[in-house]
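Protein chains in written order, with the numbering used here: chain X, 1036 to 1121; chain B, 1036 to 1121; chain F, 846 to 991; chain R, 846 to 991.
Treat the hints with care, since some could be wrong.
[To be verified] No farther apart than 25 Å at their CA atoms in a straight line, the calculated lysine to any residue pairs in the SDA-like style are these:
1) F/959 - X/1079
2) F/853 - R/925
3) R/852 - R/961
4) R/853 - R/925
5) F/901 - F/885
6) R/959 - B/1064
7) F/901 - X/1104
8) R/901 - B/1083
9) R/918 - F/901
10) F/960 - X/1061
11) B/1040 - B/1086
12) F/885 - R/925
Just so you know, the hints here were simulated from the structure itself, not pulled from any lab data.
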Amino acid sequence: MDLPKISVTVKLFASVKDIARVSEATLELPAESVAGDVVSHFVSQFPAMEGLRSYVRVAVNECYVDVSHPLHNGDDVALIPPVSGG
Amino acid sequence: MDLPKISVTVKLFASVKDIARVSEATLELPAESVAGDVVSHFVSQFPAMEGLRSYVRVAVNECYVDVSHPLHNGDDVALIPPVSGG
Amino acid sequence: MIEITDKKIDVAILLGSVQVPEAGGIDIFLGTTRNHSRGKKVVRLEYEAYTPMAVKIIGQIENEIRARWNIHKISIVHRIGVVPLEEASVGIAVSASHRNEAFEACRYAIDQLKKSAPIWKKEIFENGEAWVEAGGHVEKSRDERK
Amino acid sequence: MIEITDKKIDVAILLGSVQVPEAGGIDIFLGTTRNHSRGKKVVRLEYEAYTPMAVKIIGQIENEIRARWNIHKISIVHRIGVVPLEEASVGIAVSASHRNEAFEACRYAIDQLKKSAPIWKKEIFENGEAWVEAGGHVEKSRDERK
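Pulled out of the complex, with its shape left as it was, chain X reads as follows (with noise of 0.2 Å):
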């Protein structure tokens, strides 16, 4: 039996969208996933993204969220490396 999925979609910005090569994916997840899983999903995917994460933070619907915030089917997930406005 399946376990039921939830589909997020993922921005990336800056270096981790370089690293990438992508703005922006649709990731299918476990349905119990949390914010810090799209983090480790893009970790194990592209290794240069190792240095990265502990740097990075996760916004859901465009608000910063801690790590273990829940996710649900049709969020807007963003990596947001260190910011640099100004």
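For chain X, the structure is supplied; the task is to place chains B, F and R on it using the hints.
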């Protein structure tokens, strides 16, 4: 025997000018006069300046000076009421 | 006025956006592209933003400022894309009845924007480029990044 | 640039006068005519200066600032004559490599100018006027001042 005299130019501004109704005057003073004597001269001539006596600063040749600053012939003396630029 | 734009920031428009008859003091801060960074010669900067979230975060900064200081108007504009030398990447204007509030609120706005707005700066050097990211600069030489 | 002028202060010119490729931050302060003062409705302001001395004193303020902060350029312009509501009576711009210096130097410049530059402000109300002088306001009603 007359005491020697000096002549100074006095510049008046803002409320002091309004009271004196003149923006510049030439004043003959005894040779040993100091900056404070110019203030005294105007206060005695215009009693309405009495209230300003403790607030007015004196500048000689475009520099703030103490009331005891000795005056010389040809000096430019300015009576500086409390400033309010900006 | 809160804006993320790819156009040059016009300081006269920025000023006009906060001018009100009640204001006695206006402080304007501009962050400009500097020709040097960490000992290297910078040719230009390039900015990228997560625009809708940046607008939202900057709106939150405005709310915090209004709760802390008695100001009249505040405008925060950030430019994205290429920002040549001397030009402004960010412009903040604050009007208040008294100058103290204008200065403090403006200073707070730029400090908070730098901490939390999802905007990224890439420094373009003569022979390389780097995303500026606190905690680690991700550098590439011209040759590597084909 | 240090200037006492009877013309409107142009913020774009003020900004241009301090822009250099070495600058990372520029702070601009504008003191503007407010429609209220000590509970009264202000119609306009009028400024008078002892111009040559004001230029000299402002030059000394610039020297003090350069001794205390590492800045690139500073411009201080004061307008005299009538200054209508919302318009600037004073404009100060400071460029520096880092924003902290720009903010602090700009703040210091306006604080010192207000303390020592021989410039005077007259507030024109609906039915009277007053020279603003710390330690005592010299007021006249419209009728008295014929």
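Which of the stated hints cannot be reconciled with the structure, identified by number in ascending sequence?
1, 2, 5, 6, 8, 9, 10, 11 and 12
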